[in-house]
Amino acid sequence: MADSSLAVEHQEGLDHQFVDREQQRNAASLGMWVFLGTEVMFFGGMFCAYLIYRYWYYNEFAAGSRSLDIVLGTTNTAVLICSSLTVALGVRAAQMGKRRLLLLLLLATLVFGLGFLVIKGVEWHDKYVEHHIPGPSFNAEELIRKNPELHIDPAPTQIYFSLYFAMTGLHALHMVVGVGIFCFLTYYAWKGRYTPEYHTPVEIGGLYWHFVDIIWIYLFPLLYLIDRKR
Amino acid sequence: MASTAIPVEREHYLNTDYGIRSWLFTTDHKRIALLYLVTITVFFFIGGFFALLIRLELLTPAGDLVLADTYNKLFTMHGQVMIFFFLIPSIPAVLGNFLVPMMVGAKDLAFPRINLLSWYLLVAAGIVMLHTIITGGVDSGWTFYTPFSTAFSNTKVIEAGLAIFIAGFSSILTGLNFVVTIHRMRAPGLTWSRLPLFIWAHYATSIIQLLGTPVLAITLLLVVFERAFHLGIFDPTRGGDPLLFQHLFWFYSHPAVYIMILPAMGVVAEIIPCFSRKRIFGYSAVAMSSIAIAVFGFLVWAHHMFVAGISLYSAMIFSILSYLVAVPSAIKVFNWTATMYKGSIHFDTPMLYAMGFIGLFTMGGLTGLFLAALGIDVHVTDTYFVIAHFHYIMVGGAVMGYLGGLHFWWPKISGRLYPEWLGKFAALTVFLGFNLTFFPQFILGYLGMPRRYWEYPPEFQVLNVLSTAGSTILAVGYVLPMIYFLWSMRYGKIADANPWGAAGLEWKTASPPPTDNFREIPEVSWEAYNYDEIPAPAEVPVGR
Chain C
1 MADSSLAVEH
11 QEGLDHQFVD
21 REQQRNAASL
31 GMWVFLGTEV
41 MFFGGMFCAY
51 LIYRYWYYNE
61 FAAGSRSLDI
71 VLGTTNTAVL
81 ICSSLTVALG
91 VRAAQMGKRR
101 LLLLLLLATL
111 VFGLGFLVIK
121 GVEWHDKYVE
131 HHIPGPSFNA
141 EELIRKNPEL
151 HIDPAPTQIY
161 FSLYFAMTGL
171 HALHMVVGVG
181 IFCFLTYYAW
191 KGRYTPEYHT
201 PVEIGGLYWH
211 FVDIIWIYLF
221 PLLYLIDRKR
Chain H
1001 MASTAIPVER
1011 EHYLNTDYGI
1021 RSWLFTTDHK
1031 RIALLYLVTI
1041 TVFFFIGGFF
1051 ALLIRLELLT
1061 PAGDLVLADT
1071 YNKLFTMHGQ
1081 VMIFFFLIPS
1091 IPAVLGNFLV
1101 PMMVGAKDLA
1111 FPRINLLSWY
1121 LLVAAGIVML
1131 HTIITGGVDS
1141 GWTFYTPFST
1151 AFSNTKVIEA
1161 GLAIFIAGFS
1171 SILTGLNFVV
1181 TIHRMRAPGL
1191 TWSRLPLFIW
1201 AHYATSIIQL
1211 LGTPVLAITL
1221 LLVVFERAFH
1231 LGIFDPTRGG
1241 DPLLFQHLFW
1251 FYSHPAVYIM
1261 ILPAMGVVAE
1271 IIPCFSRKRI
1281 FGYSAVAMSS
1291 IAIAVFGFLV
1301 WAHHMFVAGI
1311 SLYSAMIFSI
1321 LSYLVAVPSA
1331 IKVFNWTATM
1341 YKGSIHFDTP
1351 MLYAMGFIGL
1361 FTMGGLTGLF
1371 LAALGIDVHV
1381 TDTYFVIAHF
1391 HYIMVGGAVM
1401 GYLGGLHFWW
1411 PKISGRLYPE
1421 WLGKFAALTV
1431 FLGFNLTFFP
1441 QFILGYLGMP
1451 RRYWEYPPEF
1461 QVLNVLSTAG
1471 STILAVGYVL
1481 PMIYFLWSMR
1491 YGKIADANPW
1501 GAAGLEWKTA
1511 SPPPTDNFRE
1521 IPEVSWEAYN
1531 YDEIPAPAEV
1541 PVGR
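Here the protein sequences come in this chain order: C and H. Residue numbers for the first sequence follow this note's numbering, beginning at 1 and rising by one. Residue numbers for the second sequence follow this note's numbering, beginning at 1001 and rising by one.
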């Protein structure tokens, strides 16, 4: 902006509306926590719908859940937990000013994140092949054949898969946003912008990443582990 | 502090830079507030245009002006435009944006670029909404009830849903900015108990925006998914529950009423002490009642669903909880009244709006109690009684508060005074036009005229003609301020830093304020509304 050239840059990375770095860091951190609060409400709407429909259509949900690939789902859970570890270590590396280590950990996070998305894509493709995508082409015959003891009604099985795609889809969208944020962080880490004094973006980016991870930690048992005890 | 004579060349936020880029890329909260002002004024007149067409159609019992389908689209888009593109952003995004940083003694909001982003999001949403309107419109009602919106309507539900989804993001980001600013950016000495009540009201509003709007976002997104990708979450043919949609929708959309009315209450709480020359009566009660309204507001949503098939027990509980909201609302009204008691009252334009607010809000609130009572609600559900009730809150309350605030802070925003006699005339016009428009609708509704129909039995015509006549008067009352505000920007008398003799940090800096708001960050050592220490302006500023 034209008028910013007049402002005196007294501290690197300190915006003009803040008195000092600490105020800026506190504001950024509170802002991200509040934003994550809104995200809880956003996913909360779907969890609420899940709760009601699972109570109403338990057998249909169980049949749908059994049709998911538990190996891929578990692998993905492990991948995400590993990515959260690299993020946590990355924040520590940023605090200690270890630029190379930070860069390495951010890149590892990106690899894990992209790996998660690829595996998720494979799972969705399987559902497409099995005609488990809600809509006119949906086919519940296989679910009925494989789970004769559940006596399922084909119509509400679509609700399970509707929730499955809405919840994992929106979670994956958050992952895509997270990967974008971490590309940005990696770029600036490579440029050496983050120092022990100023690394707020790594911290609040990490908060976001952990949050998206936690959502998955809830999605995995709710979607994959219904009545698997056979 | 406040200089007596203002040098002509003094630099302030309006003249630091010129040109379209200096506005479109600004991060100054005051300039962004003006961007919002222009944007929502455009949408206000679009929504008002739909309202006038609705009233013209209802001038005669026969459906003769527009087709029935067109009428459905008119009331749908009137609601969507007015609620999501005018009322929700109105006071927070314009007055709140302008005043919150100044009232807390900060140079700007905590996240100025996010603030600009939220304006761009509203504009993007507005463009999508305008595209929806121009290319055929939407007829689901502003409530998007399923399964009509998902399975039967053949209008642009997806587009309208996405427009409101994006507008919701704008609203969330504004609320987030306010919460962080109020928590982290207060000037030294400005404790929570010294904050202006405008700030308390905006804090409560932001909480609702942050907790409610995401639920609306996911609900509308699921409707969009259902139409676009055949998901079946609300589809009864696949076992889905339309009532679930209504629960999720009203979980946001009832508190949304408080997003509209709480900021207006904050405005009134600033105006009343200033023009009564008294400290507000019961400061902490008024502040806490804002928080109480925000909390209770989340516990009453199912009173919109009394006849939708919810169980009698949950209906009774929601009925009782709805009564609870009346308590903090009444605390506010009584405290404002007590503030005026034995005050030295000046009937300037902002005060006229504030007093209009108290009267109209009280009527709207009391008829809300009628509707919270199960027996009466069954009788008047989906009638004009409901229409009249929520227009008394949203138009009689929120819009009166918005206009009152705009008049009160206009000298600060523009550095100029508007013509006082025209202001008073417009305020009275709005008050009269409003009551003529909406009071007959209470009677119509009680007599049984249903909402959302384009024709009606001939015996209802007299009251409908009164209502339509009132709406044209109301329109005049709304156009007038726009004209004289624009006029005053060039020809109005120059305002000094504090033309009303008001308390509050925003009056301690120049009008219009410099880009950084204050020469140096103020240190606060006094309580809010210390009117016993502030002399009334020797010469009452305008027109007299």
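What the hints contain is simulated information worked out from the structure, not anything from laboratory work. Predicted, not measured: the structure shown is a model, and the values here were computed from it. Keep in mind that a hint or two might mislead.
[Unchecked claim] Short derived list, chain C residues pointing at chain H, Cβ under 8 Å:
{"id": "1", "residue": "GLY13"}
{"id": "2", "residue": "GLN17"}
{"id": "3", "residue": "GLN23"}
{"id": "4", "residue": "ASN26"}
{"id": "5", "residue": "ALA27"}
{"id": "6", "residue": "LEU30"}
{"id": "7", "residue": "LEU36"}
{"id": "8", "residue": "GLY37"}
{"id": "9", "residue": "THR38"}
{"id": "10", "residue": "TYR55"}
{"id": "11", "residue": "TYR58"}
{"id": "12", "residue": "ALA62"}
{"id": "13", "residue": "GLN158"}
{"id": "14", "residue": "SER162"}
{"id": "15", "residue": "ALA166"}
We put the CB at the ideal spot given by N, CA and C, even for glycine.
Hint check:
1. Restraint check, GLY13 of chain C versus chain H: the minimum CB separation of about 14 Å is more than 8 Å; hint violated.
2. Given the 8 Å rule on beta carbons, the hint for GLN17 of chain C holds: about 4 Å separates it from the nearest Cβ of chain H.
3. Hint status for GLN23 of chain C: holds, given a least beta-carbon distance of 6 Å to chain H, under 8 Å.
4. Of the supplied interface hints, the one on ASN26 of chain C holds, with its beta-carbon coming within about 5 Å of a beta-carbon of chain H, less than 8 Å.
5. The interface hint given for ALA27 of chain C holds, since its Cβ lies 4 Å from the closest Cβ of chain H, which is under the 8 Å cut-off.
6. Taking 8 Å as the C-beta cut-off, the interface hint given for LEU30 of chain C holds, the closest approach to chain H being about 5 Å.
7. At its closest, the beta carbon of LEU36 of chain C sits 11 Å from a beta carbon of chain H; the interface hint therefore is violated under the 8 Å criterion.
8. With a cut of 8 Å, the hint placing GLY37 of chain C at the interface with chain H holds, because the nearest CB-to-CB distance is about 6 Å.
9. Against a cut-off of 8 Å between C-beta atoms, the interface hint on THR38 of chain C holds, since the closest Cβ of chain H lies about 5 Å away.
10. Taking 8 Å as the C-beta cut-off, the interface hint given for TYR55 of chain C is violated, the closest approach to chain H being about 11 Å.
11. Restraint check, TYR58 of chain C versus chain H: the minimum CB separation of about 12 Å is more than 8 Å; hint violated.
12. Nearest Cβ of chain H to the Cβ of ALA62 of chain C: about 15 Å, over the 8 Å cut. The hint is violated.
13. With its C-beta approaching chain H no nearer than about 5 Å, GLN158 of chain C sits inside the 8 Å limit, and its interface hint holds.
14. Hint status for SER162 of chain C: holds, given a least beta-carbon distance of 4 Å to chain H, under 8 Å.
15. A distance limit of 8 Å between C-beta atoms decides the matter here; for ALA166 of chain C the minimum to chain H is near 6 Å, and the interface restraint holds.
In the structure shown, a violation is registered for the earlier hints numbered 1, 7, 10, 11, 12, in ascending order.
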